[in-house]
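Protein chains in written order, with the numbering used here: chain A, 1 to 236; chain B, 1 to 1025.
Please note that the accuracy of each hint is not assured.
[Stated by the list, open to error] With a straight-line Cα cutoff of 30 Å, these simulated BS3-like cross-link-like pairs (lysine-lysine) come out:
#, chain 1, residue 1, chain 2, residue 2
1, B, 506, B, 38
2, A, 85, B, 606
3, B, 38, A, 147
4, B, 93, B, 384
5, B, 255, A, 94
6, B, 227, B, 253
7, B, 606, A, 147
8, A, 147, B, 270
These are computed hints drawn from the structure, not numbers from a lab.
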Amino acid sequence: MFSLNNHLELRRVTISSLVTCIYLPSIVTVISYKGLLYSVGNASSLYVLVLIFIAELIKSFYLNSNNDLQVKKKASKSRVGDIVKSIVFLLGVKFCFFIGIILFGAPVLEYNEETLILSSLLTLLTLFPLIAHTGVELAVQLLFGVKTFPRDTIIAMLVNNALLTVCGAWLGAVVIPLDWNTPWQQWPIPCYLGAIGGYLLSNVLTVTKVTLMSAANKHPFLGIFVNMMNKLHISK
Amino acid sequence: MLHWVQHRWTSLWLLISALAALCLFLYGFFPLKYHSGKLASMDDLPNVINGVSIDGQEVYNSGENSVILMVIDGLRYDFATEEYMPFTGQLIKNKSACLYVSVAEPPTVTMPRIKSPDRKKEKAQWRRTINFWRDIFAMMTGSVSTFADVALNFGAPAVVGDSVLRVAAAKGRRTVMYGDDTWLRLFPGLWTESDGTTSFFVTDYTEVDKNVTRHLDRILTPDEKKKPPFDLLVLHYLGLDHIGHLEGARSPKIKPKLLEMDDVVKKIYKAMQTWERKGVLLLCGDHGMRDAGGHGGASPAELLVPLVVLTSDGFRCPHEAGAGGTVAQTDVAPSLAWLLGAPPPGDSAGRVLAALLPRDPRQHLYLLHVLAERNARLVPSTDKEFYKQFERAKVQFAHFLATGQQSAAKIAKEFYEESLEEMSKYLTETTTDFDMFALISATCILYLLAGALLCITLYSLQSEARRKISFPKLHRSKASSLIAFVVVLVISAFTLITACFITETKSQFCSFSPLWSIAFIAAAVTITVAYFIIKTTIENTKDLSILRDLNAIDYLLIIGTLFHSWSFFGTSFIEEEHMTWYFFWNTLMFFILVRTIVVVVMYFAKRWSGATEFQEKPHLENRMSSVGVSIVPQWVLLIALHRYLRTMNQTGDRWLFLPDTADWLNSPENSFYLEAHLVIGSLLTLAICLWNIRFMNNYMQIHSALTVLATACTLCHRIATNALVTPFPIIKTWDPVLIVNIFWGLLISQVIFELLTYIGLFKTCGFPLKGDNKFAYNKPKAKNEDYFYDQMEEPWNIDEVKLNLARSITHIMYNDLMLIIILLMKPHNVIMVPSIYFTCKLTSKCLDHKLLDARMRKGTEILDVLSKSLVHLWIGFLFYFYQGNSNSLASVELGAGYVGLREYSAARVAARVGLHAYAAPALAGAQLFCAAAARAHHWKGYLESVWRVINIFALQRVYQLVIYCLIAILFRHHLFVWTVFSPKLLYDFVATVFSVQALSTICVIVLLTHASSWMAKKLTYKSTL
C-alpha cells in the first residue's frame, strides 16, 4: 500500500501532529488554570511564544532527522548563512503580518504591543515550521504555488497547518462585535486563540486522517472517510 | 408563459410586487390607526345619561388638589417595603397610604450610554428617549404607545397627541418638573417651571438626585394663602437606576439611596399637612430592575413596580393592608387628569385608581361612566359582551340618578367596573397585537416571489445558445394558456379565502371591503404569476453547467450574500451590521490579494526560469496583459484606503461613542484638513466625470464645460454655506439656493443636450458641430451585405448608435449622480464618492475570471456579470456604512434634506435624505451599469447583461426581505423589537423603494434610447438618406 519512504514520512507526520495535539492544549490549559488566559495578548505572555518556539524547533529537528535529502543540503558550510537568512526572512514576514493585521482592521495607534504578539504567533505557527523544514527559497515557492507538493507528506501537513492557522485567526475576529460583554472579547484574544485553535484543528485532522488510513487497510469501508478528508483539505 | 420569463423587465415587476407585499407586511407589523391625536376638552363630558340629564362639569369636579408625581427610576416592587423605606412602609401598614402593583409594558429600557462625547451625545440621547418613551407615554397619555408613534415623528421625539400635561396646561394649571430632562423633550413648552438633569452620566448617582431635592424646600413651602405654588409637580429621581446599572440590585448603596428617597416622601408628607388644599402624592417606579442590575427584559422583577398613593386629608386605604390590586401604568393618566380637574386625555384607555375614587356615589358612578364611555368609543364593534355590559350599567346609572336607589348604584358600579376591565384588556391587546394573517400571507408571497426571481436568475445565467436550444417544441395556444392562468388564479384565490375562514382572523385583509378586495385579488394574481414563472423556468432551464466554473471568490461572494441575511437572527448583528460587511469585505480583499500575488509571482517565476516553459503557457501572458504587474501595489493601496475610510465614521451601537476621524476633522483646529478632504474629493470627482465624458457624444467641449461649471457650483455652495474658506469673499454673499438651482439647471441641460444631438436636431438646424461622429449613421460594411442584408430591415448601423446613446446616457446619469451626491454629502464624506469609483474599477479588474482562474475557459462573460453584480452590491453596502449610516433611526442625516431649499417640502426633503443615505448603493449600482454599457460590444449583448444584472439585484433584494420578514415574525415579542428589529424593517422598506427606483431608471434609459431612435428615424434619418 505505502512505499517505505512514504511510510516513514507518514509516521513522522503522525507523531509530530500528536505531539502538537498534546503540548498546545496543555499550554492553554495551564495558562487558563492560572487565570492568565485573558492576558495572552500582552507582552507579559511572551513565555507562551517561547514555549511554542521551543516545541516547534524540537519538532522540526525530529522531522529533519536522518532525512538524507535535507541533511546533504544543509551539511554544507552555508548553514550559518541559512540561519541568518531565515531569521531575517521571518522578521520580514512578521512585519508583513503586523502591517496586514492593521490594514485589515486592528487599531492603529493603540494595542500595538498586542498586535505585534499576534503577528509573532502567526509567524511562529505558519512559516517557521515550514522554513525550518525546507529552507527559505523552497518555502516561498511552496507558498506561492510555484512548486506543487504531493499529498500526505510533511510539507503538505505544514502547508495545511499554516492555512488553517490563518483561517482560525480570521474567524476568531467574528466574535468581537457581539454584545455579550465578556472579558475575552478584547483585541486580540479571540484572534490569538483562533490561531491556536486553527493550528490544533489542522493537527487533529492530520492524526485522524492517518489513523483512518491505517484502519482502512483492514476495513476498506473506512476508505470513504479518507477520501472525504482528502477532499476537505484545502487545495491550491 | 415563456415570453414572461424572457422579458427583460419581469424581475422589475416582481420587485414592485415584492414592495407591495412588504407594504402589507408593514401594515400587519405597525398598526397605524390607534392614536387619533384627538385633544380632549371639558365639553366632551357627557351631560345626558340614557335620557337623564346631569351637569357633567359640576359632578366631575374633584375640588382643588395639588398633585405630586414622584417617579423613582428603577424602583421595583420589593423596594417599597418597611425594610427599605421605613416611613412609606409604615404608612402603608397603617392604611394611610395605598400600595398597588403597577405593570410596566415590556420591553422597558436598555442601558444608557456610559459616556458620550458631544457629537454622539445627541444620537445616544435619542435612543434613550425612545426607550424612556414607553413608560412615560403610558403614564402621561393613558394609552400604550406603538412603534409608529415613535417612527413617524423621528427627529423630534415629542408627544404629539393628547397628554395629561396638555389638558392641564389647557386648564391653566401650574406644572413643575424636576429631574430627568427627557420629560422636557417629550413635552416641550408645557411646563411652567422646570429643571432638567441629564441622565447620561450613569456613574453619578448622588448629584442627579441632589439636583432634584434642592428645589423641594422652596416648592413645597405654601404661600400666604396656604397653597403650594403648583398644581402638578413631577419629580424624577435617577440615582437608584444608576446604582442598579453599576452594581446591581443587591448593592449596599441601594439601601442608603432608598432611605434618602424615604426622607423625601416624609418631607412631602409633612409639607402636605401644612397646606390648605388637598395634596396627593403618587409614588411609583417607571420600571423595575434585575438582581444583576439593568432592565429591559420581561421578568417580574423588571415589570412589576409599586404605585403608592397617599393624600393629606385623613385618607384610609380601601384595600387590605399590604397589597392593593394590580393596575396598569395607563391608569395614572386619567387619575392625574381627574385630580387636576381636567378631562382625561384624548386617547387614554385607563381607569381612575380605586383608592382615589370619591365616596359620593353620584360622582363615583359619573367618573366610571366617563371613562367607560371613552373606552367604548375606541372599540369599533358594538356586539362585544363588555359593550352590552356598559349599556346595562348605563341604564342602572340613569335609574339611580332618577330615583336615588342605592341598590341601583351598587349594580351600576359593578357593571361599570366589569366592562371597564374587559375594555382595557381588549384595547391593550389590539394595540399591541400583530395582524398575523397579513404578516404570514405577505411573507408567503415574498417567498414565492423570491423563488420566481431565483428561477429567472438561474435561467438568465444560461448562455444564449443554450437558451435557444431549450425552447419548447410544442406551442400551446394562447387560449389554453389563458384558461390555465384563470384556473390557477381561481385556485389561489380560493385557497386564500379558505385560509381566511379557517384561521378566523380579525385581519382587515380578510374583511372583503372594496378597498381590501383589490389587495386581496392582487395577492392572488401575484401568487399565480409567480407560480407560472417558476413552472416555466423549471421546464426550460436545462443547462446550468456554468455554475460548475465558479471559483473560490465567486463562492465567497455568493455564500457571503446568502449568509448576511441569516446573520440578522442575532440582534447584535443587526445593530452592528457594518461589522459583517467589513469582515466580508476584508476577507474578499485578502483573497484577491493572495490570488493576485500568486498570479504575479507565477508570471515572473515562469518568465525568468526560462523562455521555453514560458512559451508553453501563453495564457499567463494573456492573463497578465489585461492588468499589468502594478495591480498588486494598487490593491495594497486600496486596502490602505479602505482602512482609512473605515475609521471615518463610527457607526452601529456598541462603539458609537468612540471618537472617529470625522470628529477629529470637524473640530475647529483641524479645519484645514477638513477642507482638504472636501476639495480633493470634489476635484477627484470632477476628474472622474471628465474621464467619463469620453463615452458621450461628439461635442466634448460642451459637456466638459457643463461638468466643470456644475462642480464649481458645488464648491461655491460649500463656500456660501461657510464650509470652505475662499480668497474671494464675494462668493460668500451669493445665495446658496440660487447656486443649487443653477446646478440643477446645468445637469438637466446636459441630458437634454445629449438627447437632442442624438436625434440630430443640431445638424438639421444648421449647427454642424465637429467631433468624432458617434451618432452618425453609416452604411454597414460591405462584407456584411452579401449574406444578411436582406434580413435586416435597416441598412444602417442603428444598433451601434443605440448602444452609443445608452452608453452616453448611462454615463451622464452616473456623472450627475456623483455631482448631486457631493453636493449633499457632509464635507468629510465627500471623499467617499471618488473612493467608490476607484474601488469599483479596481475590483472589477481584479475579479476578472481570466486573471484569477488557473484553468482556461472560453465563456466567462456570464460569470463575470454574476461576480461583478454581487461585488458591486457589496461595495454599496460597505460604503453605506463607511458613510456613517446604521440600522438605527438616529443615524438618518436630516441635514442633507435641506440643501438648496428655502422652505420645507416633504417630497423634496425626503428624496434628498433618501438619496444621501443610499448614496453608496446608488453610486455602486450606477457604476456597474456604466461598466456594462462600456464593455458591451453590441446592443444585444448590452441588453443581455443588463437583464442579468437586474435579475441578480432584484433577487438579492427580495431574498433579504423574505428572510428578514421571517425573522421579524419570529422575534415579534423580542425585547428589542422596537429599538432594533422595527427600524431595520423600515430601512429595508426604504432600500426596496430605492432599488425599484434604481432599476426603473435603467428601464427608463433603455426606453429613452428606443424612443430617441424612433424620433431620429422620423426626423433626420430620412433626410440623411
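Point to revise | Restraint check for residue 606 (chain B) with residue 147 (chain A), where alpha carbons must lie at most 30 Å apart | key: holds, 11 Å
**Study point:** Restraint status (C-alpha distance of residue 85 (chain A) to residue 606 (chain B) at most 30 Å)
**Key:** holds, 24 Å
**Study point:** Given hint residue 253 (chain B) paired with residue 227 (chain B) - CA-CA distance at most 30 Å
**Key:** Distance of about 36 Å is beyond 30 Å: violated.
Check your understanding: Under the criterion that the straight-line Cα-Cα distance not exceed 30 Å, is the pair residue 38 (chain B), residue 147 (chain A) satisfied?
Key -> violated, 80 Å
**Study point:** Pair hint residue 506 (chain B) and residue 38 (chain B), alpha-carbon separation not exceeding 30 Å
**Key:** holds, 25 Å
Check your understanding: For the pair supplied as a hint, residue 255 (chain B) and residue 94 (chain A), is the alpha-carbon distance within the 30 Å limit?
Key -> violated, 56 Å
Point to revise | Restraint check for residue 93 (chain B) with residue 384 (chain B), where alpha carbons must lie at most 30 Å apart | key: Distance of about 41 Å is beyond 30 Å: violated.
Point to revise | Holds or violated: residue 147 (chain A) to residue 270 (chain B), with C-alpha atoms at most 30 Å apart | key: Violated, at roughly 92 Å.
Of the numbered hints listed earlier, those contradicted by the structure are 3, 4, 5, 6 and 8.
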